[in-house]
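Please model the entire structure based on the sequences and the hints provided.
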Amino acid sequence: KAGVTQTPRYLIKTRGQQVTLSCSPISGHRSVSWYQQTPGQGLQFLFEYFSETQRNKGNFPGRFSGRQFSNSRSEMNVSTLELGDSALYLCASSPRIIGGSSYNEQFFGPGTRLTVL
Amino acid sequence: GNSVTQMEGPVTLSEEAFLTINCTYTATGYPSLFWYVQYPGEGLQLLLKATKADDKGSNKGFEATYRKETTSFHLEKGSVQVSDSAVYFCALSDRYSGAGSYQLTFGKGTKLSVIP
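Quick mapping for you: the protein sequence lines, in order, are chains D and W. The opening residue of the first sequence carries number 153 in the working numbering; numbering runs sequentially from there. The opening residue of the second sequence carries number 2 in the working numbering; numbering runs sequentially from there.
No wet-lab data here; the hints were simulated from the structure. Where is the CB? At the ideal position from N, CA and C, for every residue including glycine. Be careful, since some hints might not be right.
[To be verified] Here are a few chain W residues that sit away from chain D, every Cβ distance over 12 Å (derived from the structure): (1) Leu14; (2) Thr66; (3) Lys78; (4) Gln82; (5) Asp85; (6) Ser94.
[Unchecked claim] 30 Å max Cα-Cα, derived DSBU-like pairs, lysine-lysine: (7) D/Lys209 x W/Lys69; (8) W/Lys109 x D/Lys209; (9) W/Lys109 x D/Lys165; (10) D/Lys165 x W/Lys112; (11) D/Lys209 x W/Lys112.
Encoded structure:
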């Protein structure tokens, strides 16, 4: 079974631009979560989508948004990029089985490395 | 809120040495606990997990026991190899998060370097 894929793997943008990152979950997985990883702040939760609905959102400004499509693929968008948005953005998928395992193991993709100049 | 504290790195060990990486947590509910590993240039891989108190997670020679009384989940390995060099993250997921989300809360990560 193919793992979580993220595109693109690397991006370079300038301040003020916007960017869209894509994530394809493992086949059959319906939940997609996004995390930001930086040397200073570590790994921080951005948001989770399940059945095309945002289920939870971390403490990030409104410039960070996302969506999920009917095939469970997800995109996240960052508008008006700032230097501090430079980070590795990780996507994780989970089966989110109703009534199943309580921990809903999350499987991570390789990430998209965003550099803002 | 939930939080995870793990020992600061980097940690440098000789091959076949014993490894311990400390992890303690704070949670309002009944969390599940995880150790993830990140190799250079890659995403996170789940190393092991424990879903309730006194559970022991184990994988590839690594072990960690869920200690509710000390709110800890320390990672151990009896004999490390060069191939274990990576960054290790302790994390929790609160099963009773109100929105039904299983977001992970991570520690800062501990970089392990194993030298021959």
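Here is how each hint holds up against the structure:
no., hint, verdict
1, Leu14, "holds, 23 Å"
2, Thr66, "holds, 16 Å"
3, Lys78, "holds, 21 Å"
4, Gln82, "holds, 23 Å"
5, Asp85, "holds, 19 Å"
6, Ser94, "violated, 6 Å"
7, D/Lys209 x W/Lys69, "holds, 28 Å"
8, W/Lys109 x D/Lys209, "holds, 20 Å"
9, W/Lys109 x D/Lys165, "holds, 27 Å"
10, D/Lys165 x W/Lys112, "holds, 29 Å"
11, D/Lys209 x W/Lys112, "holds, 28 Å"
Checked against the numbered hints above, the structure breaks only hint 6 and satisfies the rest.
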